[in-house]
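Novice: Construct the entire structure; sequences and hints are all you get.
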Amino acid sequence: MAVKKKRAPVTAIVSIASLIALWWLGSLLAGPDSLPPPARVVGIIMDEAVNGDLFFHTGVTLWRVVASFTISMIAGITIGFLMGGFRKINEIFDPWLLFFLNLPALVIIILAYIWMGLTEIAAITAVAINKIPNVVVTIREGARTMDRGLQQMASVFHFGWWKKLRHVIVPELAPYIAAATRSGVALIWKIVLVVELLGRSNGVGFQLHLHFQLFDIASIMAWGLTFIIIMQIVELTLIQPFETWVNRWRK
Amino acid sequence: MAPPDEMARTAGATLHIDITAKTFTRHDGEAVPVLRDIRFDIGSRERVVLTGPSGCGKTTLLNLIAGLDRDFDGAVTLPEHRGDGLPLSYVFQDPCLLPWRTVRENIRLALPEPAQSGERITWLLEKMDLASAADSYPQTLSTGMSRRVALARGFVVDAPLLLMDEPFSSIDERTAVRLRKLLLSQLESTPCTVLFVTHNLREALFLGDRLLILSGRPATLAADLPLASGAGKQGRTPAEVERLHTEIIGKFPEILS
Chain B
794 MAVKKKRAPV
804 TAIVSIASLI
814 ALWWLGSLLA
824 GPDSLPPPAR
834 VVGIIMDEAV
844 NGDLFFHTGV
854 TLWRVVASFT
864 ISMIAGITIG
874 FLMGGFRKIN
884 EIFDPWLLFF
894 LNLPALVIII
904 LAYIWMGLTE
914 IAAITAVAIN
924 KIPNVVVTIR
934 EGARTMDRGL
944 QQMASVFHFG
954 WWKKLRHVIV
964 PELAPYIAAA
974 TRSGVALIWK
984 IVLVVELLGR
994 SNGVGFQLHL
1004 HFQLFDIASI
1014 MAWGLTFIII
1024 MQIVELTLIQ
1034 PFETWVNRWR
1044 K
Chain H
-16 MAPPDEMART
-6 AGATLHIDIT
4 AKTFTRHDGE
14 AVPVLRDIRF
24 DIGSRERVVL
34 TGPSGCGKTT
44 LLNLIAGLDR
54 DFDGAVTLPE
64 HRGDGLPLSY
74 VFQDPCLLPW
84 RTVRENIRLA
94 LPEPAQSGER
104 ITWLLEKMDL
114 ASAADSYPQT
124 LSTGMSRRVA
134 LARGFVVDAP
144 LLLMDEPFSS
154 IDERTAVRLR
164 KLLLSQLEST
174 PCTVLFVTHN
184 LREALFLGDR
194 LLILSGRPAT
204 LAADLPLASG
214 AGKQGRTPAE
224 VERLHTEIIG
234 KFPEILS
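First to last, the sequence lines map onto chains B and H. In terms of our numbering, the first sequence opens at residue 794 and continues consecutively. In terms of our numbering, the second sequence opens at residue -16 and continues consecutively.
Hint data in this document are derived by calculation from the structure and do not stem from the laboratory. For clarity, every value in this text was computed on a predicted model and none was experimentally measured. Some hints could be false.
[Claimed, not checked] Distance ranges between label pairs, derived from CB positions:
| id | chain 1 | residue 1 | chain 2 | residue 2 | range |
| --- | --- | --- | --- | --- | --- |
| 1 | B | Arg959 | H | Gln122 | 19 to 27 Å |
| 2 | B | Thr938 | H | Ser115 | 31 to 39 Å |
| 3 | H | Asp11 | B | Leu812 | 56 to 64 Å |
| 4 | B | Ala979 | H | Ser153 | 18 to 26 Å |
| 5 | H | Gly199 | B | Thr1037 | 50 to 58 Å |
| 6 | B | Leu899 | H | Thr42 | 20 to 28 Å |
| 7 | B | Thr938 | H | Thr158 | 24 to 32 Å |
| 8 | B | Arg959 | H | Asp52 | 32 to 40 Å |
| 9 | B | Thr938 | H | Ala211 | 45 to 53 Å |
| 10 | H | Phe7 | B | Thr938 | 21 to 29 Å |
| 11 | H | Arg65 | B | Arg959 | 24 to 32 Å |
We put the beta carbon where it would ideally sit given N, CA and C, even for glycine.
Specialist: See the structure below:
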């Protein structure tokens, strides 16, 4: 383990550095107007940070990510658990699940804006509806593989619903919840940008829309890069520690 | 007057089993009868062993008694128990430990009110030779150790009835011998009524005061034999086990061999 921990950052640093080098080479070949060099993009990020726009727009986008993520996880875990645990419920709702899984994200977003107006609620609802079916599929798989022996044990020793939820069901579903979290965060922030582009007047998606209209490639890259960095921070400070904690009992 | 605990233990401490029929429905919808006309009583603190060919319905019967499966014709009357305690405890064939909880937590969680039971858990951990593993997770334990944790959990709740479903199967014989002795010594300090299921007739004869044999399709009670003089605190000697083994195999050759 100790060896791994020492090596991993070195490899990662070399890997990132070579990506930046490639980018810089590319901008030399293509010209700074088509592919702005790294320094210029970082300069724009700095400017936006100084005038405060960076924090305002990424903050708004992050709030939308958190809100729709929370809603889709709660709804998805509940529905997935019920569908995985009860065959009758699964039979009834499986066609619905297929319907929503195959409904294009763009259709959901456009309909949500038409029916609910260009509002915050419409935006968050649209993102949540896009993500819920994926969470359901993952959690349903987990609920299907739950150990019957542990259920019987809980029943013999008269576990109440809270005790059973806390000590049996949630820990058993935890790897699936972690998987849904990881794929959820990745999917949701991309959809949030589309939702913002189509019908919001703030957020990273709005900024991208604005700079698209101005054909400002450097700013588009600056906003994209900012968000990649933020999601990487979320990954390192929230998702990875959560996964480690969930798997602490494994050999 | 006896203390309330003691009264609950002695008054009406009999287990009544009266199963008319238990049927499973197969995937193709056909009904398969599993158990039929099984009637017996187990007296307070009696140690009854139940054996029979594998797949004959021994575990099904235990699950009916434990209330895990209520879909059957007939009735099961459990011994009376203390109001705040559990009516029965169950040591499963598979240890059924929560992999994400430590040994101590696994034992503690079996208790309806775990708060005041720290000392009892520590005492049991020591008796089962698990004190050093108290804070380990089950995946790090050997098979024999996991079985001991399951045994400790079975005893921690101090229920009047203890059901055991092949708790020492699929482990090597030396470990099994040790675990059987541990079981007997534990039963001495916390006596209770025991219904012990095993396909191993020698194990049954080592431990039991009375032998039930289940056989047939659907399974019925083929025999209900009191075993002379009881197994006692130490279990039967190998010579006695062999003598009874020959005798019983002779009586039921087609069921048990």
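Novice: Taking the earlier hints as the rules, which of them does this structure contradict?
Specialist: The structure breaks hints 4, 6 and 8; every other hint is satisfied.
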